[in-house]
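Construct the entire structure; sequences and hints are all you get.
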Amino acid sequence: NVQRDGRDVLLSHKKVKDRFLKEHGNKATPWLDDFKTGVVCGHWKQNAEQARQVEQNAPEDIRQRFMTVKYEELVAQPVEQIDRICQFVGISPEPLMLTPEEVDPTETGQVTNIDNVWYTHAQFSQKFNTGSVGSWEKGLSWWEKLSANLRMAPELERLGYEVPGIYKSIRGLLDRLRGRKA
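First residue of the sequence shown? That's 11 in the working numbering, and the numbers climb one at a time after it.
Keep in mind the hints are simulated off the structure, nothing from the lab. Glycine residues also receive a C-beta, built at the ideal position from the N, C-alpha and C atoms. Please note that a few of the clues may not be correct.
Unchecked claim - What follows is a list of derived Cβ distance ranges for each label pair:
no.	residue 1	residue 2	range
1	ILE101	ASN11	16 to 24 Å
2	THR140	SER102	20 to 28 Å
3	ALA132	TRP152	40 to 48 Å
4	THR116	ILE180	28 to 36 Å
In structure tokens:
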């Protein structure tokens with residue numbers, strides 16, 4: 011299980027949508043609705059909650075096969091995280107695992123769909139880097155930030171991501187207005 015800050019996930023989806031529109035124009039494509047802020051936030055929250063349920067409630071033999079890796083830790087500490095993943099799955103780390111920019115997608119034996127929408131050549135040729143970590147703060151509009159933080163705050167905090175105080179205050183106020191426990 012790879013866990014990533016949901017606000018950065020939202021920004022990533024926003025970029026995919028923008029690349030699609032640039033590549034294909036404003037086609038009436040039903041799946042574009044899946045890229046709306048509320049939908050992306052809802053999917054992220056649901057996936058995070060499901061991962062937690064598996065971790066907490068699955069039978070022991072299933073939980074032993076379940077590992078969570080934080081995206082932010084993977085890109086910041088690739089050696090340590092790749093070692094941890096390899097140890098978990100019972101294989102030895104290989105140097106190429108630490109240099110994704112050297113992997114030729116045509117030689118992997120896997121179908122690599124570089125379509126300039128979901129995946130670009132630039133994405134496949136970059137090293138591990140932390141450039142996208144926390145990029146939601148500059149890349150999302152004020153409305154997207156507000157919406158994402160309000161919708162995802164409890165799960166973000168449970169996963170160890172910081173939610174700025176202003177969003178927690180607004181969420182608490184909204185919860186009180188709705189009659190929910192803050």
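Flag every earlier hint the structure violates by its number, smallest first. Violated hints: 3, 4; rest satisfied.
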